[in-house]
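Order-wise, the sequence lines are chains G and H.
In short: position in the first sequence from 1, add 19, done, that's the working numbering.
In short: position in the second sequence from 1, add 391, done, that's the working numbering.
No lab work stands behind these hints, which were simulated from the structure alone.
For glycine and all other residues, C-beta sits at the position ideal for the given N, C-alpha and C.
Short derived list, chain G residues pointing at chain H, Cβ under 10 Å:
1. Asp174
2. Leu184
3. Gly185
4. Val195
5. Leu199
6. Ala201
Subject to a maximum C-alpha distance of 25 Å in a straight line, what follows is the list of computed DMTMM-like cross-link-like pairs (lysine to aspartate or glutamate):
7. Lys187/G x Glu493/H
8. Lys187/G x Asp486/H
9. Lys590/H x Glu605/H
10. Lys590/H x Asp557/H
11. Lys187/G x Glu465/H
12. Lys187/G x Asp442/H
13. Lys187/G x Glu455/H
14. Lys590/H x Glu394/H
15. Lys187/G x Asp449/H
16. Lys590/H x Asp566/H
17. Lys187/G x Asp475/H
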Amino acid sequence: MSRAPRLLLVPALVAAGLIGVPLVALVVRAPWPELSRALAGDEARNALGLSLVCSLSATALSLVFGVPLAWLLARVDFPGRRLLRALVTLPMVLPPVVGGVALLLAFGRRGLLGGALGALGIQLPFTTAGAVLAETFVALPFLVVAAEAGFRQIDPRFEEAAAVLGAKPGFALRRVTLPLAAPALRAGAALCWARALGEFGATITFAGSFPGRTQTLPLAVYLALEHDPDAAIALSLVLLVVSVAALVALRDRWLGA
Amino acid sequence: MLEARLELSLGELELRLDLSVGAGEVLALVGPNGAGKTTTLRALAGALRLDAGRIALDGRVLDEPARGTFVPPEARAVGMAFQDRLLFPHLTALDNVAFGLEARGLGRLAAQARAREALARVGAGGLAGRRPAALSGGQAQRVALARALVLAPRLLLLDEPLAALDTLAREALRDELRRQLAGFAGATVLVSHDADDAKALATRTLHIEAGRVES
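With the rest of the complex left out, here is chain G (with noise of 0.2 Å):
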């Protein structure tokens, strides 16, 4: 260990002021008497458990689809590969409202498909699905990002000895493959549902917020800061651990040792 200079002593001691004065004051000015009743209300219950079911399912359809979309762009070396990578790594980077609106002028009534998706009679704004939807086009990029970073750690000669074993490549991805990349996995996983879970712009641009439909638990911590400031409160605590949580359960990866 070095000695810290005074002048790099100070700034760091800013920084690390700066996330952890709102984090201890968000824990010190709750109402902690208070905090069952506040979680206990309709509203509270509501925001929760849709929170849950739409970061749910937006984790599974980002494993569904990501996990395969992480594997070809580690994997095969196709034209577009790298331009492929950016596109799916954007929204990382982008203002989630602007995912929102992208998504309306997609999906929307006037959208692109939203005509071809209207004479299937489906409608994703302003609808749950469109929550789940919205959640996972801000989320999948965490999960494909750490997958694909899983698959090329996988030393390609495994799968060659598992082919050259007898293995067809639907067994070999799922005896060698996927088992090698789980730690990978779990983490983008992880990553993925706690973003879902905290997705705030697209969602409310994209599906609006009706109570016990589309407004999530983000959602409601903002409404509820004008009528009632304590179950905002309890809500976001209830994120910061979730978040929490999740950190924790990434600290191998992130956190080092």
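With chain G's structure known, arrange chain H on it following the hints.
Showing chain H alone in chain G's frame:
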């Protein structure tokens, strides 16, 4: 009986090799790094496709680009022990050996029973429950050998079977390999950078360099 005329380019390497190995014969390919030894085995196993030429095992054509014939690795009667062993790290020794049998559709219990026998035959019966990380180099090589032999292949490929072992383990394994090869009915091709190992195990040795037989 293996009959092969191999022509393929891989990076810097231009492989041009004619091989003929009878049943019960052990051919050793000896040469420096980059000579094309491992590439030859990968082509025979079907992990690489020939550019031209032909591979036939017991009269069955496995690869012949001119006729558009290519039998994928999982459909060849070939067993291979890989350089660096390449035991699957998430499976026990037993499940590593059972892997090829299960891949061919054998039920889990039947595959494990045969894998147990195969491990015992190479003197590794006590290692069944261990993960590769808990095996020594010599133990891992025995498991790798069992994994290749359990498939009752017509062609056995051994890539540097004695590399990266200490002297004691190396001698014990050399004896074990000699016993196993004497009892093996098919053709064997083994690769080594060590001429002494080759002489001890093989019935015939080919020296190759830069993808060709050195005369």
